[in-house]
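Chains as they are written, first to last, in the working numbering: chain U, 1 to 259; chain E, 1 to 288.
Accuracy of the hints is not assured; some may be wrong.
To be verified - Result set (DSS-like, lysine-lysine): computed pairs, CA atoms no more than 27 Å apart in a straight line:
| # | chain 1 | residue 1 | chain 2 | residue 2 |
| --- | --- | --- | --- | --- |
| 1 | E | Lys26 | E | Lys92 |
| 2 | U | Lys253 | E | Lys111 |
| 3 | U | Lys46 | E | Lys208 |
| 4 | U | Lys7 | E | Lys208 |
| 5 | E | Lys92 | E | Lys111 |
| 6 | E | Lys63 | E | Lys242 |
| 7 | E | Lys237 | E | Lys26 |
| 8 | U | Lys116 | E | Lys15 |
Bear in mind the hints are in silico, worked out from the structure with no lab data behind them.
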Amino acid sequence: MKDRELKTYLQGSLQQGAAVRIEKKRETVAGCRKIMREQAESLAEKRTGFWQFLSDVFRFEGLCIFGLQAGVLLLICTMLGTIENIIDNASYYIPVFTPLFALAGIPPLLRSQFYKMGEMESVTRASNVEILLAKLILAGAANLIGITVVLCLILYARQSDGGLGQMILYGLVPYLVCITTILRLIRLRRSEKLSVCAVATIGFCAGWIILANRMPQIYEPSATGVWILLLFVFAGFFGREIRFMMERKREGKGYGIIN
Amino acid sequence: MELSIDRLTKQYGRKIAVDCVSTVLKPGVYGLLGENGAGKTTLMRMLCAILEATAGEVFLDGKEICALGAEYRDLLGYLPQDFGYYPNYTAKEFLLYMAALKGIPREEAEKRTDELLEVVSLKEAASKKVKTFSGGMKQRVGIAQALLNQPKILILDEPTAGLDPKERVRFRNLISDYAAGRIVILSTHIVSDIEAIADKVLLMRGGKLVSQGTVPELTKEAEGKVWELSVSKMEAKAWQEKAAVANLRHEGEQVVLRILADNKPAEEAMPCETTLEDLYLYSMRGNK
Numbered sequence: 001m002k003d004r005e006l007k008t009y010l011q012g013s014l015q016q017g018a019a020v021r022i023e024k025k026r027e028t029v030a031g032c033r034k035i036m037r038e039q040a041e042s043l044a045e046k047r048t049g050f051w052q053f054l055s056d057v058f059r060f061e062g063l064c065i066f067g068l069q070a071g072v073l074l075l076i077c078t079m080l081g082t083i084e085n086i087i088d089n090a091s092y093y094i095p096v097f098t099p100l101f102a103l104a105g106i107p108p109l110l111r112s113q114f115y116k117m118g119e120m121e122s123v124t125r126a127s128n129v130e131i132l133l134a135k136l137i138l139a140g141a142a143n144l145i146g147i148t149v150v151l152c153l154i155l156y157a158r159q160s161d162g163g164l165g166q167m168i169l170y171g172l173v174p175y176l177v178c179i180t181t182i183l184r185l186i187r188l189r190r191s192e193k194l195s196v197c198a199v200a201t202i203g204f205c206a207g208w209i210i211l212a213n214r215m216p217q218i219y220e221p222s223a224t225g226v227w228i229l230l231l232f233v234f235a236g237f238f239g240r241e242i243r244f245m246m247e248r249k250r251e252g253k254g255y256g257i258i259n
Numbered sequence: 001m002e003l004s005i006d007r008l009t010k011q012y013g014r015k016i017a018v019d020c021v022s023t024v025l026k027p028g029v030y031g032l033l034g035e036n037g038a039g040k041t042t043l044m045r046m047l048c049a050i051l052e053a054t055a056g057e058v059f060l061d062g063k064e065i066c067a068l069g070a071e072y073r074d075l076l077g078y079l080p081q082d083f084g085y086y087p088n089y090t091a092k093e094f095l096l097y098m099a100a101l102k103g104i105p106r107e108e109a110e111k112r113t114d115e116l117l118e119v120v121s122l123k124e125a126a127s128k129k130v131k132t133f134s135g136g137m138k139q140r141v142g143i144a145q146a147l148l149n150q151p152k153i154l155i156l157d158e159p160t161a162g163l164d165p166k167e168r169v170r171f172r173n174l175i176s177d178y179a180a181g182r183i184v185i186l187s188t189h190i191v192s193d194i195e196a197i198a199d200k201v202l203l204m205r206g207g208k209l210v211s212q213g214t215v216p217e218l219t220k221e222a223e224g225k226v227w228e229l230s231v232s233k234m235e236a237k238a239w240q241e242k243a244a245v246a247n248l249r250h251e252g253e254q255v256v257l258r259i260l261a262d263n264k265p266a267e268e269a270m271p272c273e274t275t276l277e278d279l280y281l282y283s284m285r286g287n288k
């Protein structure tokens, strides 16, 4: 019944001059109050949206995420300034630098696991998927800033922007390999995720150094096609992991094993 | 509001942690009782959708809880048995962080955090780091975080562990006040806590729900199975070997034994009033 119809109906009833039965009136008032109370209780409380949530995660985790990335950036800048011929052979070193940024992203990503907060956090509205996603966005943004700064410094030191595209590829491919491996380890490993992720990332750094020494030809301009192919392959793996994460979120399930 | 558990099962390899548990929970306080490894924590974790069930489902008002997702978690407050904390957070920061994850807007979060710190008697310690807290204080911070979003379903795993007697009484009163119109599920080994606040008790053994009902209903089950027997100190030892002795107290040279047995254990044994603890111990006899 619409409000207007209800009003007309009530006015009509009152105009008929029917005696108001006090007991019934009291019952009606009590009934209405009960309905209103139930409605008030069932009305969902105001909750923050994803962007507000992201800003809250930044408020609490931002210092840790960006602090660690700044530390890695400082370390790389020191290396760039001190190691001989590093600028001339930057192509060999960039694939070693970018996993270091991913490495610095591991502690914030696995912080809740390390401090046994995983269970408590995954029962919140955000769930562990959304928390991980928010941290991943922030860590990813910090990583991109760091990688960009390193590339700019190398270009500035070289006084030339030749080979920029290749350098981006040399940076992004190892980064994607690391971040996808970290996500898979978070998803599949029950415990000691932090140490396994760290060992895997350091292993990748070492792997790229060995590769640069043993097969310098992969850094020749003629091998750019292979790098582009690798970029697509690992971007695909990374995308698949993110899609899986979103599916778990949609299904109301957690990502990884929550200890 | 109705939380229906339908043939919920969790299996780890060959071990069945929770075995086909079915029950319907309506607003009220439910005490989950069972020995270590009975499946209480696993059941609670499945009710919170932290663990995926091997079989069976949980429904809230007819809707599967995983399908409800954030809508369900919004109604949920949970205190795990063994929880951690970020050591560099103060009590207030910790609660504000949890409030942010629960999607509570900042202003409201500030207000509720202050209120809850007062409720759990931690207002004075609000600006102290959680890592400096005693076990009981940490437990109270945990209870406060579970209440932040004013949950309609509150699941507390061993909430009174580490609390001193005064705090336990305060907690019991808090839960009793809070429970109106809400589903509160709590597990504890302290039977007196459950006796004091639970409207209904769920007794678990070996992953199965072996018994459920109100405290008087359940104690009735053990009626006529609790006996008191006064024996000498020498005899007391022998009785402890051959019978399930729930309690013994010394009265001069004699020892008064509280024996759980289906039949009168001795001519001189006298039947006595049963308690929930008697029922608990009686139903766990087979596991010895």
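Can you name, in rising order, the numbers of the hints this structure does not satisfy? Per hint list: 1, 2, 3, 4, 6, 7 violated.
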